[in-house]
Amino acid sequence: MIAKTTRRRTVSSLVMGLCIAATLFGLGWLFLILGTLLIKGVQGLSFAVFTQMTPAPGNQGGLLNAIIGSLTMTLFGVLIGTPVGMMAGIYMAEYGRGSRLVSTVRFVNDILLSAPSIIIGLFVYQLYVAEVHHFSGVAGIIALAIMVVPVVVRTTEDMLLLVPSAMTEAASAMGLPRSVVITRIGLRAAKAGLITGVLLAIARVSGETAPLLFTALNNQFWSWNLNGPVASLPIVIFQFALSPYKDWQQLAWTGALLITTTVLVLSITARILGAQRTGK
Amino acid sequence: MANYAIDVPNQSPSAPASRAEALRRFRFGDQLFRRTTKASALLVLLIMVGIIISLIVGAWPALHTFGLGFIFSASWNPVTEQFGALASIYGTIITSAFAMLLAVPVGLGIAIFLTEICPYWLRRPVGIAIELLAGIPSIIYGIWGLFVFVPFVQTTVQPAIIALFAPIPLLNQLFAGPAYGIGLMTAAFILAIMVLPFITAISRDVFLTVPTVLKEAAFGIGCTRWEVVRSVVIPYTRVGLIGGIMLGLGRALGETMAVTFVIGNAARISPSLLAPGTTISATIANEFSEAFGATYLSSLIALGLILFVITFIVLAMSRLLLMRIESTRAK
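Protein sequences appear in the order of chains A and B. Following the numbering used here, the numbering of the first sequence begins with 1173 at its first residue and continues without gaps. Following the numbering used here, the numbering of the second sequence begins with 470 at its first residue and continues without gaps.
Chain B with its partners taken away, still in its complex shape (with noise of 0.2 Å):
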């Protein structure tokens, strides 16, 4: 391309030929460049529809074996090849619940904290701060946890959960003990850390969609400011708040690195939510390079399928909210 800037001086009306050759040349090299960007552009589709194949035929031995019943069955035997996906999805499901019940109203409250109370000069540094929660690699998150949060768990947290609930019938069942300090609500806790920022800066970016003009309507007619949240900011943001939260869940859904560290990897259903479970993802990481037999692999290319259908459907819905709120504002 650099060389359109020598061709410049060619273009004298004294060298026709010249100039038809250049005009050819810039054609040419703008058709191409044309032509591969778009290639390009096809190339990100062409990547999301091979993570679809390529998924779908490495799991068709492991559900052609086991069927439907692959997603319903909770045993996972690597021995003697029995392999069912439910204890993982199980796990995935509850440690990302859980994860999101704690994140959600964190988030908000931070968001509400940034755009409503917090003093200008301080509105920056503090967004920063919490973006830089996302900017954390996972694997710093396992690390931390399983070294630092997981024996404070371990001593502290769970015996007094386990001792305040255990006069409680059925509580007593889902709190019950030993205190492992590693288990399905550790890794919630820490799933509820990573995705607090996404949650956040969606939400913060919504709440200032919304035009002074209503806010300061509300005021006026003698609203405090928690009511001008709940009526009027919530209420006109809600579509991109649910966007929001649709995203960080589909982060905690695929989160793999920190959960690995903390959950236990235990491929089994316990009543208690302290007990050590699994995710999908964390099977995946923990057992794939491992792995035996063709059945072991494709069953742990299944988990993968299942986990990206899931994840897919949630960030799909959590797009197509955020598009809706991106055109309104666009008008």
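Extracted from the complex, chain A is given alone in its bound form (with noise of 0.2 Å):
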């Protein structure tokens, strides 16, 4: 009897301890790779990487190019997806609560938050790139926005239930036009969660790199030009990292530095803006 408790004790010490490695485990390779990243991006960090453009294998260079595609390109997307977001989901949680028509479009955007995004960038590139017969950054800011709908939706939504009835029924009882009711009130109470929405979609797009393969392409030079090629920080880090030359690599580790700094950040602000309204 005693040896079987003690048996089933260290049975379970023994289980415990090891969902503590897995922890460790997990939480090692997320500081193996920051710090790696770290290490190698610091290093080609210089003021340089922020004044010139992409340079030749062997020349001297930096990624202006790039990060100002990956901005503009970022910024248009977010500027598109995220009002269309917001709609779906005022509509989802507003007016058509409950019908079938909302839990089918729920349905299918969690579908496209977890699709592979290697598929949008198909998807784009059928739709407009090969119908005007030129990769641009056009077709970049397309597949973008495709991406940044789903995540704007999916909190909109959940961001609008969460206001109290109380506080909507209350303004509806003034009078007020539904419309007004949701942009002045159920808006405005639901603010702190919906910018942590448009910051995750800002953080996941930023990074991406599939669905800006076939869409935007690349460019090694500065292009204003939304309508031909734009480089973008993802890809150069791709064709960079993945070619012979040292000082390219050099600059894919620190493009790679700059794109995961932001993400993260970007992330953890997110984090802490959503913790504050759970908070409260």
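No lab work stands behind these hints, which were simulated from the structure alone. The beta-carbon is built from N, C-alpha and C at its ideal position, and this holds for glycine as well.
So the derived label-pair ranges between C-beta atoms look like this:
{"#": "1", "chain 1": "A", "residue 1": "Ile1440", "chain 2": "B", "residue 2": "Ala686", "range": "36 to 46 Å"}
{"#": "2", "chain 1": "B", "residue 1": "Arg494", "chain 2": "A", "residue 2": "Ala1338", "range": "24 to 34 Å"}
{"#": "3", "chain 1": "B", "residue 1": "Arg793", "chain 2": "A", "residue 2": "Gly1207", "range": "32 to 42 Å"}
{"#": "4", "chain 1": "A", "residue 1": "Tyr1417", "chain 2": "B", "residue 2": "Ser796", "range": "50 to 60 Å"}
{"#": "5", "chain 1": "A", "residue 1": "Val1437", "chain 2": "B", "residue 2": "Ile690", "range": "42 to 52 Å"}
Quick one: dock chain against chain with the hints and give me the complex.
Take a look at the structure:
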């Protein structure tokens, strides 16, 4: 009897020990990846990175065109995707609550949220690039906007459902039209959550590579022309890291550090904002 | 919409015409807003339908040329224009399966740690740190995998594995050298780290739905912590756990950039798990922008269609299972 109890205790401690080991394992990779990134990336960090174009192999250069390209495409992608996602989220949480259409949209949206991003790239290629016969920044923006929509739909619906109904009912009782109740009361009450959603969407999109591969392609040079190929950080990292040139690989590491820092800062900010909301 | 506030003073009884006018404008604005939101919701559906249609249309020439043989042929030869998806499908399934083999136990372990063992003050930071793993862009895993992980695997891990299994028949085929570093196993390992946070997050969330009373009852009759987890927590949350695992699997199947870096991109099926291979997404990522000829392009899109069908099924099942858990929680 005692032996059995001891054995059960030992098994339990053993498994719990393994759980702790699993956690250390997971955290270990995080620190390992971030650590290497920091060490390798900082080596190449210089003023030139932010002021010069991507160079030919063996030349001095930076990542300016890639940074600008990424910023522009992310900005426009988010500017297009956010209103669409928010409107859809508003319909799901306010007008169509509980309807069949809404549960279908939610189901499809959740699949879009996890669908392989390279499929989005293929879709935009078929839809736009194949039609106009050239790669372009516009195509990249469309692809990124499509990636933004499901993230924003999800958070908008969730956050609006959290708004106390007493608040919106009070507004309705005063005779305000539904649209005003939603925009002035609902959206305002859910503001922190909505910002969290948009930040998460930016974080997700700014590191995306696969949907840009055959939409925006790449551009060695400065380009404000969104109708032509546009460089972006992830694609430049992809291309430079797989090249045999040491200086290109160094630039890839530096670019990787820049992207990761941006993405992690965005997602941590989003989490802090989110925590403030639920903390109340 | 900003003019509503200005409209309000106009609603005085002395001006019935402008009151009617204001109400009409209210109604019009309201209708417009409602329609816009509905149109946006429909747009989400439209995107999904558009993806399916565009993939089928794009894949049609290849599927028409090769028929069902496209799925079952392992030859991928751009020069002779003979294309088959089997090598890519094989790589996709093998890497994802092995990734899950590692990620599921580790992910569950972390979730158990976070819900059962971890002191309260540590739960949030550890939880966030694990979730940050999901935030790191795929391409970062790729560059890290190629420059840090692959050399380590090539010089240390793989020679040891090859030597270990060399005397054992069958297994020495499965773990045959040479040690390339890149290959199916390396890709599977990187994938495992990438899907780990998804599995952890969902398992933790469903573990938290277990009523405390149930757990306390089990502790009360003298169960050890592990027995509580095994006999109460896991059975109670089984459906949700499977949903979370499927979600992780869906992610692993479609993961592109990280795999492209470390898998070696060889469109062939080798018996060795250490050999270079390819996955559907890696093939598309590598070859699409350089593909020449309609058949080549169409074959790549057909690969995309296959990937989409597989992930759609997996993710749809995941959603349905998770929805079941959510509806029981709402009760």
